[in-house]
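Undergrad: Below are the chains, spelled out letter by letter.
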Amino acid sequence: MTIVTTTALTPNDVCPAPQSRAGRPEAAAAIWHWRRTAGAGDAPQRMRHARRRAALQTLVAALAMTAALALRHSAMGGIIAVVAVVNLGCALASPLGAYARLQAGLDAVGHMVGRVLTYALLVPLFYVFFLGFGLLLRRGRRDGLQRWFDPAAPTYWHTRSQREPSLSAYERQF
Amino acid sequence: MRILGISAYYHDSAACLVEDGVIVAAAQEERFTRKKHDAGFPHHAVRYCLAESGDGAALDAVAFYDKPMLKFHRILETYFSVAPRGLRPYMKALPLWLKDRLWVTPQIQDALRDCGVDAPGRVYFPEHHESHAASAFYPSPFPEAAIVTLDGVGEWSTATIGVGEGHRLRLLEEIRFPHSLGLLYSAFTYYTGFRVNSGEYKLMGLAPYGEPTYKDTILRELLHLKEDGSFRLAMDCFDYLSGLVMTSGRFAELFDGPPRPPEGPVTRREMDLARSIQEVTEEIVLRIARHAREVTGKRNLCLAGGVALNCVANGRLLREGIFDDLWIQPAAGDAGGAVGAALTIWHNAMGNARRSDGLRDAMQGAYLGPEFTRDQIKEFLDAHAYPYTEVPDAQWPRAVARLIADQHVVGLVHGRMEFGPRALGNRSIVGDARSPKMQSIMNLKIKFRESFRPFAPSCLQERIAEYFELDRPSPYMLLVAQVRPERCLRPAGDERDLDVHQWVNRPRSDLPAITHVDYSARIQSVSRETNPRYHAILTEFERMTGCGVIINTSFNVRGEPIVCTPQDAYRCFMRTEMDRLVLGPFVLNKPDQPNWQDKENWREVFTLD
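Protein sequences, first through last, are from chains A and B.
The C-terminal position of the first sequence is numbered 174 in my numbering, with every residue numbered one higher than the one before it.
The C-terminal position of the second sequence is numbered 1609 in my numbering, with every residue numbered one higher than the one before it.
Okay, chain B solo, but in the shape it has when bound (with noise of 0.2 Å):
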């Protein structure tokens, strides 16, 4: 039986396809449409799940990710609630839902028809966070466990607390709209100058430069918030209900003055916001973790929704202990909810059994997007003869392995990619992690993103205990933990005296690159069974330099989508100061390239984030 699962019309559109409870793919619409975020219809990513899967284009059936009429019943509650005021939102949110959103159904059944979908099938609609839930708890490797999802909105919810039972899935608690803890911490990363829905890992990255010196005004003034994690939002501090943005008057008010400007400089107090929002998310997530554990009786927690992206929040929900263990879906965004929208009409409601063991988890490493063959890159290459050297495949791995060990800033693009917000090594930016000027190197002149963001690292997953405080594999970088104790230095006198680039630039550990100035890391672990071929360049940088970490970046831009085929990277590596593409068995000298003339004004292509 064919399953497909559609999230789309907000942010982060996405397919999956499920073939007899197994995912054979799953993708982002952004990636093919080089728009990101794009919310449109995924009509490339039902194309590319449907030729992945090689059984033709009929599906049993297709699984949107939320209820539209329930979500449609929230908007016009909202209008009600605070007419006279709300009319801009109401302008722009009313015509799209009368025209479009309202008629889902025949819209869907049309765009696959355009995709060449014969015979639809019948489209169900799980709810939104019973769409997160289900891709947290299904693809995990528990039998059964407590689910918690953690989001901006879905129809009415913004959190839930469930549990998962075999193929069984039942959400027994909510949090309603407009109480929301993922719009609390969007509304921060609006105040700071971020993009929302976009910039929150920015404020993430942002928190260990501040001191929480507006923690206590949060709790005090922003939300009531109870023991068991539950809260409501003071609305009079935010303008998501009424207006187009999302804090008011009295917010600014109370944080000193009105938000920064996008691109403008951040200061002290953005750092401080940064780390107070940080704290109190800490401590919501915690409290809503320990009413979970009492509730449901579980052992183990699965986590999913946007708020599920925040590593750090997540490194110490493991650390407290409350449950035993934890796996967090990798697209945990609305992206993720494609999987789980599938995955709940095959489990939860047509019964069928769920295997689980324990150990292994059912998403394969995360990489269910496409891979392009040697002689696909190859006629690529030829066509627009595009100088390369070719690599036997026994010798690939000390090849690229070199590379970085020379200090070359490498992308990386091989096998298939990456399905969720994370590069995990097929479709990456790699570099030394032991150099002290590979983080400056990379934000500025490849990236080019604010200096302040750190970057995470690729372990081999047999070594982690040794770099990190980590006692288990971080497979999709959903986790941060410190640095051990005996890697770092302590650099004498107060930092917080120094500019922002002076700050990041001092080296706190052996491995500089990926340590954050909280001597944190976002980890990576890279296990042989998952991905043996990035576990092989590792083994081998390991061998020859006997540091088994390297930084990984997701290859892109700032404000682009993650590369997907060999294409995307060759301009991305043309138009960025990287010194090496690896494209499949192929490597990319850029000296010997010929002259690359961009003919857009490229840095304008990519609205910034």
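Isolated chain A, as found in the complex (with noise of 0.2 Å):
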């Protein structure tokens, strides 16, 4: 192995970066919550802003209900009803029983009714539009990822082009 030099340091002869000052208490403390045990203490904060959303989706099944039976669907309007009273009863009863429980399980299932809709609207997407314009753009010899060797390139480098750097150009996402 070789090596450049082999020189003794001295404590101050090349010394990397100066100390950095201590660190504020308070700084500290705003990370550190040792004495909070999980979900301790912030009982009856998290017990109003359940009830508030649950008042909420009331509202929100009300006119849902609302607009079911103004197109005759009394059957849904019914369901959305007795949604909403049980969601309503639980918040009120138990808010951080009951009700967080039921949440979870309508959250489960508005996930995996998100999930299909995912799928319904994002497959046929890429079989159609990625597929397709992908197809045409292959056929004209364009490919964006430039995934073939080119022994004749001198360089794989490609050059960045140069502008002044500005406040506007990193407002800018792209």
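Just so you know, the hints here were simulated from the structure itself, not pulled from any lab data.
Keep in mind that this is a model prediction, so the values were computed, not measured.
There may be inaccurate statements among the hints.
Derived pair list, reagent style SDA-like, types lysine to any residue, alpha-carbon separation capped at 20 Å [to be verified]:
#  : chain 1 : residue 1 : chain 2 : residue 2
1  : B       : Lys1378   : A       : Phe126
2  : B       : Lys1590   : B       : Leu1381
3  : B       : Lys1092   : A       : Leu122
4  : B       : Lys1092   : A       : Tyr119
5  : B       : Lys1092   : A       : Leu125
6  : B       : Lys1226   : A       : Gln146
7  : B       : Lys1092   : A       : Arg115
8  : B       : Lys1092   : B       : Val1245
9  : B       : Lys1298   : B       : Asn1197
10 : B       : Lys1092   : B       : Asn1197
11 : B       : Lys1298   : A       : Thr159
12 : B       : Lys1099   : A       : Leu136
13 : B       : Lys1215   : B       : Pro1259
14 : B       : Lys1378   : B       : Lys1092
Using the hints, build the complex out of the two chains.
TA: Here it is, written out as structure tokens:
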């Protein structure tokens, strides 16, 4: 192995950096909450939050029920009404217990519906749009990723265009 | 002026606060959430950075570390190129983009309001590699330098060459996705059974056990490498464009079978693959460095990006003498992008001057995280009735050095937490480097990690040349050099026939615990100026034993982020077979502690990397 030189260093010869200033105790306190056990202390606030959320959900459900009835979907209106009443009842009686569990269940259902919808929308998009245009581009011998070797090219480095840096350029996400 | 830098939504989220060009605080989110490589918005890190400043919660600007729309363009272009293949990554990525990532500005502003920022200020978007380059150049000691960034991928760039002069930084050339040195290395990380974006350093540690038997195959079949270090990958060997894994069936054909399953036995093949890809990586890095020297004409080099954490390649780069000197950003991965983004806006966009004296960098030893006071620690210990002994300040270094000299494994928490992937003495587990058993004890009983992995030494900066073939400081543990030959022992016989456990446990120098099988070490030099307390421990240890080197490994177990708070440290201390814990001025003795009843099956809490 070759090394450049081997000289003894002195403590103040080449110093990597000055010492950082001491950390502020307030900063440490801001991120260290060892006294707080999970969920304790803020229960009243979380109960208030849950009930407020349930009230909003009831309002939205009432609007949905009205719309369903107006469109003569009485069965749908009835289902919405039952779910809304159960939801509100749980929020009033047990906001951190029954209501939280009900919400978790509804979230899971929502998540599942979202997943199905995502597949229903995005899979056709992939095969129609990306495959369709992709094949067209490839027919035109355009490969955006430049995936092939080019032994004749002197280099694979790309020269970057130079622009004067400005705040407005950095505001753009592209 | 206060600028908040943010890196988020990929891996290793972090925040950094820069005030009038000075880095005031920086931290990775994983340290607070205890979720390794946490990719979420760095709420905790932002709160911490703002609190560290103490000047209220107003910000003048926010800098995000990449340009999301450019990245999205690259992702769409990939789908166009590979369809009808690629449905799985498409279904994984596109919903995320449509729901979250395309709306980064309002997301950041909302998240900052959650963090208590009243007026978040404008959000700016430097490019990913520009952020890396800025994190390497602006804090470096050099008034002007060539800059090389190498990582997996940013928007389109995977490697860049740039130049920094004063406060101006320009990227001149780039290699573009999908051709990426970082992704090539990660492909081998995956193939050898380690986690991508996490286990790359294990592959590097495994390399010295192997022979470069696959090097020619890699150079012939996997890539086309030009003399100037630019290259293209043979994309039929990789699956990261259209699949959810890194390598294809063709890759397996070339390298004698399927990938090693995670946690499977490490065989000769994995060792040889590790050595081969390491040598190829070094070859590419050297060629790129020569080209960078040629196109920039600069004498010094700044390095960043995930590949810059490959300290073996860094050591080789230094030894080859292509550049007079080298400075590597200690948080070279994506976390460091937060620093670079903020500094880009301050210097490059706003035109503010930069001070550099050619000697000192601006990273302050990377000690940019939270620090806990004596009173805060005492209150915690007293509240839980954990027994401790308080050591007066004047006797503290001697007391800690004595524990190490007495062959104890010591958890050390003091001062400000380090920024970046390395523990540099403030959140470290330390031990006696002279002990032949220490490597095995630390690997199996403390860290619960693979036995082949070496430990790094902390060495008094003024003594480096006495122990290692290195002529300059390595404050951030980013350079590998050989242990001096006169300290080395040459075991008889061919060690390649030995079992890895026997191989690794054979003493090969008078510092056996930190000497790797190829007689190398990943060195941290400790200076009095940067970390006086840690330096004092080493000085006392040298006085007691005649040795100015100790083992320094990060204070965590496998898969766990490095500890941040005294509480994290106490938990880790009690879960492992560590002997003593030093929390600021307090020393805790394991046998004195109350019985630790871990309610969780804690080894399952952390995903193994």
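Undergrad: Hint by hint, say whether it matches the structure.
TA: Results for each hint:
{"no.": "1", "hint": "Lys1378/B x Phe126/A", "result": "59 Å, violated"}
{"no.": "2", "hint": "Lys1590/B x Leu1381/B", "result": "14 Å, holds"}
{"no.": "3", "hint": "Lys1092/B x Leu122/A", "result": "11 Å, holds"}
{"no.": "4", "hint": "Lys1092/B x Tyr119/A", "result": "11 Å, holds"}
{"no.": "5", "hint": "Lys1092/B x Leu125/A", "result": "14 Å, holds"}
{"no.": "6", "hint": "Lys1226/B x Gln146/A", "result": "16 Å, holds"}
{"no.": "7", "hint": "Lys1092/B x Arg115/A", "result": "11 Å, holds"}
{"no.": "8", "hint": "Lys1092/B x Val1245/B", "result": "13 Å, holds"}
{"no.": "9", "hint": "Lys1298/B x Asn1197/B", "result": "31 Å, violated"}
{"no.": "10", "hint": "Lys1092/B x Asn1197/B", "result": "18 Å, holds"}
{"no.": "11", "hint": "Lys1298/B x Thr159/A", "result": "18 Å, holds"}
{"no.": "12", "hint": "Lys1099/B x Leu136/A", "result": "28 Å, violated"}
{"no.": "13", "hint": "Lys1215/B x Pro1259/B", "result": "18 Å, holds"}
{"no.": "14", "hint": "Lys1378/B x Lys1092/B", "result": "47 Å, violated"}
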